[in-house]
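Heads up: the protein sequence lines correspond to chains A and B, in order. All the letters of the first sequence, read from the start, carry residue numbers 7 to 310 under our numbering. All the letters of the second sequence, read from the start, carry residue numbers 7 to 310 under our numbering.
Because the hints were derived from the structure by calculation, they are not lab data. Some hints here could point you the wrong way.
Which copy is meant is left open, because identical chains are indistinguishable; a pair holds if it fits in one copy or across any two.
Lysine-lysine pairs mimicking BS3-like chemistry, simulated, CA-CA at most 27 Å apart [as the list claims (entries may be wrong)]:
id, residue 1, residue 2
1, LYS184, LYS304
2, LYS20, LYS120
3, LYS20, LYS103
4, LYS20, LYS37
5, LYS150, LYS120
6, LYS20, LYS184
7, LYS120, LYS163
8, LYS169, LYS290
9, LYS104, LYS266
10, LYS186, LYS103
11, LYS163, LYS271
12, LYS104, LYS120
13, LYS20, LYS304
14, LYS266, LYS10
15, LYS103, LYS269
16, LYS169, LYS225
17, LYS150, LYS163
18, LYS104, LYS269
19, LYS271, LYS225
20, LYS169, LYS266
Predicted model only: the values in this text are computed from it and were never measured.
This is what each chain is made of:
There are 2 protein chains.
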Amino acid sequence: MFPKLTILNCGSAKPTDTQSPSSQIFHLRAKDYLIDCGEGTQLTMAQMGILPPSRLNNIFISHLHADHCLGLIGLLSTLGMLHRTADINIFAPAPAKKILQPQLDFFCDDITYKININEINPRKNEIILEDNTIRISTIPLKHKVPCCGYLFEEQQKLRHYCKDIGDRFNIPIAYINKIKQGEDYITEQGDTIPNSLLTTDPEPPFRYAYCSDTAYYEKIIPIIEGVDCLYHEATFLTERQQRAKETGHSTATQAATIAKMAKVKQLIIGHFSSRYQQFEDFLKEAQEIFPNTRLATKQTIINF
Amino acid sequence: MFPKLTILNCGSAKPTDTQSPSSQIFHLRAKDYLIDCGEGTQLTMAQMGILPPSRLNNIFISHLHADHCLGLIGLLSTLGMLHRTADINIFAPAPAKKILQPQLDFFCDDITYKININEINPRKNEIILEDNTIRISTIPLKHKVPCCGYLFEEQQKLRHYCKDIGDRFNIPIAYINKIKQGEDYITEQGDTIPNSLLTTDPEPPFRYAYCSDTAYYEKIIPIIEGVDCLYHEATFLTERQQRAKETGHSTATQAATIAKMAKVKQLIIGHFSSRYQQFEDFLKEAQEIFPNTRLATKQTIINF
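Using the sequences and the hints, build the whole thing.
See below:
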């Protein structure tokens, strides 16, 4: 099962006839990670046939602007109506607890599961969640309010065990997991069969970085360096570079410049301002600097 | 300009691939009255090309369940971004202030207009807003939380002045408005020209009643009697009458029974449960009792 990204919506603050506020799901190894939750997130999930997202346990909010979090209460309320029982963890900058808890207490007072609000420090790059499949850390961004991106890093996978070679040495099943973890095999006669003979390299771990909302901010480069995919906001075209600076946003050129400097493998740009009706110029502008760029489009599944 | 109703969305609590939570706009004499504001209200307005609704000054919330009010903050925030200056009045049962004000303070702290939250008493039938075009009053409903419908009654219009007859008596322009208001005309010679000769009856004032969410509740009948249009929730078919009772909702049959007993002219049913995929059975069930029934459908403009 390869990683994939479901872009639910990728608009900016003011909705248009074609764009709704931001939300997306990063899928890795049978788990769903919801990133931002603008108004309409659950509606889009329902339209796409993925409400409830059954493998969703963690939600990551970049910042507490309306267009990045107003869909939370509705989604959490609906998950309650659907008799969810597993906890949901929400990661967001302060004052998430102060803002969300009274709404949860009022609108979700009868839900059957627990919601944990974890206030993260958006000014530090630190690990906020780690298990045997993924490590998730914050990416400090530069916006008008405390805001951070999120870096999703798949944990190193087990090595591929070459069964036909193992069988020649009569390796017992009980040893195979150790060999997948990199150990050599010692035969009953005391001979060492090197791991490199018994296994091949696994696929490299996948790394995804979400960076929205942010002004042009080179300090993120060391954190996101070499990621397989970078989602970077591009609210404006260069013609409105000054407006981007004033509002704490980026242009398509700036997003592409970050992608190039960070040597990422693929760039997705989104969070387009409502003043634009079509987005081909965003793609053109970005691709002049970073060719492997694609536009975010709503209700789109990207398979990596 | 005739009254009309824009049904933005007419689903119930859990969204589906075709249904979103409730909101609608009643339009009368160049003014817009937003009734309920479920999640996605502003998104649907944008899709329909009516964001911002420029003639909107008053919003009426039936009750504080998530599917009837979670779209408020997003809409109010966006109206701020669009540089609105005129006040918005919100009418809703308590604890609307306690729930909404902290969100307004946080998400709408920089808006350029004033929001007045008016907590109404959902247990009384009383006038909450009146001007020279409309009188709006509450309709106590029976639901699991304090909840009321709203009755929109157009004020009596001025009588139609018959210019050709008036000209025969050389009636000065300054008198015409008084004659439209029903006065007779006294000529310079002291003769009385009866109003009935100078005017004809205006169209009867339009009356619209919105009743959602509610269990079957005959006490509303005297309030809504004879309205031109009744919107009544019909969350379930009769097959789930027990479930309707338990959850404080109505069946299509019950909605139609209320319409028949109240001798309304037209019935619109909506707020269908997410368990139904098609709604023809709702129409069939209601029309057996009240033939002039129609189904609510999203993004629909009904001209009266």
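Going through the hints against the structure:
no.: 1; hint: LYS184 to LYS304; result: neither (43 Å within a copy, 58 Å between copies)
no.: 2; hint: LYS20 to LYS120; result: between (32 Å within a copy, 19 Å between copies)
no.: 3; hint: LYS20 to LYS103; result: both (25 Å within a copy, 25 Å between copies)
no.: 4; hint: LYS20 to LYS37; result: between (31 Å within a copy, 23 Å between copies)
no.: 5; hint: LYS150 to LYS120; result: between (31 Å within a copy, 23 Å between copies)
no.: 6; hint: LYS20 to LYS184; result: neither (54 Å within a copy, 47 Å between copies)
no.: 7; hint: LYS120 to LYS163; result: neither (31 Å within a copy, 56 Å between copies)
no.: 8; hint: LYS169 to LYS290; result: neither (48 Å within a copy, 65 Å between copies)
no.: 9; hint: LYS104 to LYS266; result: neither (39 Å within a copy, 49 Å between copies)
no.: 10; hint: LYS186 to LYS103; result: neither (43 Å within a copy, 60 Å between copies)
no.: 11; hint: LYS163 to LYS271; result: within (20 Å within a copy, 68 Å between copies)
no.: 12; hint: LYS104 to LYS120; result: both (17 Å within a copy, 23 Å between copies)
no.: 13; hint: LYS20 to LYS304; result: both (15 Å within a copy, 21 Å between copies)
no.: 14; hint: LYS266 to LYS10; result: within (22 Å within a copy, 54 Å between copies)
no.: 15; hint: LYS103 to LYS269; result: neither (36 Å within a copy, 50 Å between copies)
no.: 16; hint: LYS169 to LYS225; result: neither (46 Å within a copy, 77 Å between copies)
no.: 17; hint: LYS150 to LYS163; result: neither (39 Å within a copy, 51 Å between copies)
no.: 18; hint: LYS104 to LYS269; result: neither (39 Å within a copy, 49 Å between copies)
no.: 19; hint: LYS271 to LYS225; result: within (19 Å within a copy, 66 Å between copies)
no.: 20; hint: LYS169 to LYS266; result: neither (41 Å within a copy, 76 Å between copies)
In summary, the structure is inconsistent with hints 1, 6, 7, 8, 9, 10, 15, 16, 17, 18, 20 from the numbered list given earlier, while agreeing with the others.
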